[in-house]
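Chains as they are written, first to last, in the numbering used here: chain E, 1007 to 1540; chain A, 1111 to 1304; chain R, 20 to 212; chain U, 6 to 359.
Calculated from the structure, these hints are not laboratory results. Using N, Cα and C, we set each Cβ at its ideal position, and we do this for glycine too. Honestly, I wouldn't trust all of these hints.
Label-pair distances were calculated between CB atoms; the ranges are [stated by the list, open to error]: (1) R:Thr114 <-> A:Thr1210: 39 to 45 Å; (2) A:Thr1226 <-> E:Asp1347: 56 to 62 Å; (3) U:Gly194 <-> R:Leu193: 32 to 38 Å; (4) E:Ala1461 <-> A:Thr1226: 36 to 42 Å; (5) E:Met1231 <-> U:Leu67: 57 to 63 Å; (6) E:Asp1347 <-> A:Pro1273: 25 to 31 Å.
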Amino acid sequence: MFNLLHTIKHALHLTPQSHAFRGGVHLSEFKRTATKASEQCPMPRVLMYPVKQHIGQACEPLVKVGDRVLRGQKIGKSQGYVSVPIHASTSGIVTKIENHIIPHPSGMGLPTIFVEPDGLDEVDESLIPLPNYRSLSPVELRERVRIAGIAGLGGAVFPTFIKLLKDKLHSIETVILNGIECEPWLTNDHQLMLEKSHQIITGLDIVMHMVGAQSAIVAIEDNTMDAAFVMQNAVEDMKLSQVIKVEVLPTIYPQGGEKQLIQALTGKEVPAGRLPIHIGVLSTNVGTAKAIHDAVCLGEAMTERLVTVSGDALPSPKNMFVRFGTPVCFVLEQCGLDSCDDVNIIHGGPMMGEILRPTDIPVVKASNGLLAMKKATVMASHHEEEPCIRCGDCSDACPAGLMPNLLAMHCKEEQFERAENYQLFDCIECGACSYVCPSHIPLVHYFRFGKGQVAKIRREKVFAEESRQRSESRDLRLRKEQEEKEEKRRIAQEKKEARAAALAAQAAAATDVADEALTETVSEKPAPTPKAES
Amino acid sequence: MHILLSLSVFSGFALLVGIGLAFASRYFHVEGDPLADKIDALLPQTQCGQCGYPGCRPYANAVAALEVDVNHCVPGGERTMLQIADMMGVEPKAIEAEETAPVVAFIREDECIGCTLCIKACPVDCIIGAPKQYHTIITDHCTGCTLCLEPCPVDCIDMLEVPETLEKWAWPVPGTERAKVGVERKHQHEGIDV
Amino acid sequence: MTEFALILLSAVLVNNYVLTKFLGICPFLGVSGKVETAIGMSFAVMFVMTLASTASWLIQQLILVPLDMVYMQTVFFILIIAGLVQFVEMVMHKTSPVLYQGLGIFLPLITTNCAVLGVAILNVQQDYSFFASVLYGFGAAVGFAIVLVLFSGLRERIEGAPIPEVFKGSPITLITAGMMALAFMGFAGLVKV
Amino acid sequence: MILLSSPHQHSGNSIQLTMFTVIIALIPAAMVSVYLYGWLAFLLLTMCIGASMLTEYVCLHLMKRDIKRLWDGSAALTGLLLALTLPAAVPWWMALFASVFAIVLGKQLYGGLGYNLFNPALSARVVLLISFPLQMTSWMIPMHAGATLDMYDFGTSLQFFFFGPDAVKQTWDAVTMASPLGYLKTELGQGVTVSQALSDYHYSTFYAFIGREAGSLGEGSALALLFGGVYLLARKTISWHIPITYIATVAALAWVFNLINPDVYAPAMFHVLAGGLILCAFFMATDPVSSPSSAIGKIAFGFGCGLLTWVIRTFGNYPEGAMFAVILMNCMVPLIDYYIRPRVYGYFRKRAKA
């Protein structure tokens, strides 16, 4: 009953009481792997570790070719603040370190460490398990989360430790555990909740302890009710039901987006240009919570994750724990795919993931899903663009409250100032607009194009400003040099003149003296300076 | 008689209006040209001199004074030209020179004789070195103006294309027919013959 | 009071200067390329028209009629309008250089603009009281401004449209203006004067 | 391989689907028109749809566009909508002219589907109304309201359609009558009160609702139009914002003024059911191309339409204000889209304009 009411309210955009976010779409779910028990992906022949698997600065390789590494051993040292180290996911020998393609739409590469497994899977035990986390200080735990290489597993891969800060200015009241898997096809978070509920809740408890939060909400959509029950049981088992609440939300895309979820649960919006912490909220993904549990209680660095391997071209889709660095094609072959060439492989979910063009790419921290789609299926969703009929469906679907059709028009005509005026940068690229567009306009693509161009323009602007300052300071320097030179020349000239004048005066004086000497006594007054005369 | 009266009334009235305007023109007199600042802010500040003026600021002054067309800034490219034309309220004009990929200067150090001539030529002071020492270019600050090529006596300076990096990578325009049409249409609309 | 409201309504909508009297077409077509410029131009026209109708009423009643010089009407009006436009131009140059630059040649265009002169002359012909004539001038200007801004919005929208080559530019602009005039026919009869 | 951006999944909605949904929604109204005006309505519908599609084909051919665009259904929809706004008695050449005008000047000159500024069907209708005011305000007497002409007879209809009333030995005045709105306007002008005028006309709210009062082809039955409108709402082809605000604004204004002076101002129910209001509200004003994109913009648009409709009907020269109102509001759309935007996530106060 509540759902129906909610739907009606939502349809009428009368949402303030029901705390739903604006816009959103109902997607076909295609969850082929729902409630399929997870499996362990076998060991591939080679593992590849790009030096950057998170948002922020890249790592610096710590190992040399020929070194033996252990599972969980740090092989990349983090550089700068926004960075986490990377670890080997099994024991083996480093065979080479060279540029290799990473899962990124540009198709560009990064330095990558290649490791050949020796099959022993020996574990590096330098991290001591800390099961009594409650007795530890948040600072210690935070350092543990950092060196375990944990980055947000929901897709954005932002280094997690940065968020887990007890800020004096902004106290975090509520921790949101994001168990919403709004992308179609993907079921990894759902499955993780079914299988590892206790670990996840422990991870959540660690996070709450670290940031000093008094309450937490586990958010789950109503298409995964079984997970809600399992999580509720785990909360009750651990006697945390006083502080941790499980909330079931009606399914709608993109509810898993951090800002949308916060709005759906609390009714509060994250102010533009600020972070959830500013409204006292911290959100974390279930996979991340589990990784935090593993890092703290078991002393394990992050070396694998649960990946949904699915797609309509795959004979036997699975949820698999895949070690980081495993080649994508190898994973798909484990699910019965013959060849990676005849399919389109989507890295991530279909709404926000990208199509991998070269397929020789490793699974990284961001890989929540690998979808092998028939080429025809993908092409059908990328139908040839037709003229915009301004129906406004995109505007209704936009969770950020933008007007995608006008934005895309301005991006297309390269009128980026107008696009910015229509708030291009508030787009979260969820793809809801493109999904509903009857004219098949690749709206998100236009926005990405526009954002890239605007970023370029801004960079150029900064560069131009720097150049101007350099140029101006050079002009100033040259002028100063010129002036100094002139000053010098003038002084030299004056000296010369002075000397000449002095000489002349001396000569004159000499004659005078001679004359005077002839007539009167010698004058004792010194000759007046030439300067005073001139 | 009436004719004379009306003539004198009209003349007197005209005189009054004239005096009023003369006072207004003094009172509302505008000093300087704020427009030149705005144009200067749009220019890429490469100081390359390809416009025929010694640097960006002089060109901005000239454009603001309507002495020169808006299409002489080659490094700024079409976008800058359009922005200036828009600000000036004049018709856009195509830039004659081809748009090229951004370049930076690079000194082959083993050939450099340390003459310091390029250092003097660089408009943004981004070449470092001392007499009889190898010179080198701070790539991050080089505007690619090519002004250092000319004075080099041993031709040891190359202009290299700026390598694309992951951070600077930007999405290209969608590959659909309509996207291409959109760009063409934009050109047509702006009156540029492509 | 009702009378004043009717004068205003009539000048703004029913007897719109651009769309029913076809006065001031030149600035209407010339300055409607962009909404921002159109808004600037609208304010300039509003200012000039209101002042012009005020000044022309004063000249008519205080100089021309007492001195029996009504036949000099046009010359006097042109003089005062030209002076006013010059004045506005100077003020604008001082206060808003970008707008000044954007209006370009269009500001002097108002000088010999038939709409401004039209306001002055029609005003005097209709024998309004002082307040009514100021209101009439203001109303005509508001009508001009509304139509200009609406039209500039429409033109911005057709900017990127794949219009057939021969209809690009002025033809499609005039067709659009024609359609707008048709739409404004709907207001016919709202005020029975 | 070209770079494709996410999302890689699509709802399957298309322009064609949208257009045909609207056409389906108009079928009840078209059927009512055939019931009321017999073969004459059928001929008019065929003429408009056929002429529109043919013109579209010629335009696409001349402009070297993809001929497949003809089948997206937009031209057929324009023709259908145009026919539904015409009186049954218009001669064939007028229908032909209006169809060509709608497609050529209303749509193709602006670059085709998606670029027109005004609703093509309504702009053609307005041109006809201004150019031929007599024919455009003479309404055929419906078959079940004492028609003098047997329009269920194909031959008679054909003769009337192509050769006018003389061919069937009738006069204009004999076969046509005034619409309730027109009659009321004339009577009010002569100082008759609203209730008196309506009872003179034998006006019946019930008949106006299910469809027997004289009017344009599609205006006959509010019920049939509502069927279509609800279907469109249910299919989410249109959103509720425009039709509901539009009708509500007209009703509210009429109600308030009717309370103030019932002798001069017609009641709300009369305004809502009379003329082309419902047709315009559900099918014309909601034309996606010439209406605002955002929900809040649509509300503003609907309000504006309602206000103008009531003002023109009550004070203007033309008894029917709906189509003028929609065309006038079409002019406002770019500005509405520019100034009335939805609130963007994370921005709380109204953003200062850059």
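Verification of the hints:
1. R:Thr114 <-> A:Thr1210: 39 to 45 Å: With a Cβ separation near 42 Å, R:Thr114 and A:Thr1210 satisfy 39 to 45 Å, so the hint holds.
2. A:Thr1226 <-> E:Asp1347: 56 to 62 Å: holds, 58 Å
3. U:Gly194 <-> R:Leu193: 32 to 38 Å: holds, 36 Å
4. E:Ala1461 <-> A:Thr1226: 36 to 42 Å: holds, 37 Å
5. E:Met1231 <-> U:Leu67: 57 to 63 Å: The hinted range 57 to 63 Å holds for E:Met1231 and U:Leu67, with Cβ atoms some 59 Å apart.
6. E:Asp1347 <-> A:Pro1273: 25 to 31 Å: holds, 30 Å
In the structure shown, no violation is registered for any of the earlier numbered hints.
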